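Asks: Sequence:
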Amino acid sequence: YTESMIDTRLQVCDAQTDRLKQFLDDDGLMELTALIAFQNLSSTFNAALDIPSQSFCPVSLEPSAQAEDDVE
4 YTESMIDTRL
14 QVCDAQTDRL
24 KQFLDDDGLM
34 ELTALIAFQN
44 LSSTFNAALD
54 IPSQSFCPVS
64 LEPSAQAEDD
74 VE
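Just so you know, the working numbering puts 29 at position 26 of the sequence shown, and the rest follows in order with no gaps.
To be clear, the hints were calculated from the coordinates, so they are not data collected in a lab. Since the model is a prediction, treat every value here as computed from it, not as a measurement. The reader is advised that the hints may include incorrect statements.
Stated by the list, open to error - The following label-pair restraints were derived from C-beta to C-beta distances:
no.	residue 1	residue 2	range
1	Asp29	Gln57	27 to 37 Å
2	Ser58	Gln14	30 to 40 Å
3	Leu23	Asp53	28 to 38 Å
Using N, Cα and C, we set each Cβ at its ideal position, and we do this for glycine too.
Start from the sequences and build out the full structure, keeping to the hints where you can.
Replies: Below, the structure is given as structure tokens:
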């Protein structure tokens with residue numbers, strides 16, 4: 004859902020929304036969508052102004068051995 008929202012080449016589909024509705028009511032889905040949109044806006048804003056990451060949530064861009072095991 005998140006990737007479909009933030010990647011302009013993708014589009015959120017009904018199946019994704021239906022899956023989320025198994026866990027969230029309409030208000031929860033709206034709140035989640037708003038939070039994702041806000042985080043995307045903040046990220047784009049910071050990137051445009053070259054504001055560096057504050058390292059609150061460091062993410063490795065390299066696949067981990069654990070992630071490779073999960074695929075198998």
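Asks: None of the hints should be skipped; say for each whether it holds.
Replies: Against the structure, the hints:
{"no.": "1", "hint": "Asp29 / Gln57: 27 to 37 Å", "result": "holds (33 Å)"}
{"no.": "2", "hint": "Ser58 / Gln14: 30 to 40 Å", "result": "holds (32 Å)"}
{"no.": "3", "hint": "Leu23 / Asp53: 28 to 38 Å", "result": "holds (34 Å)"}
In terms of the numbered hints stated before, the structure departs from none.
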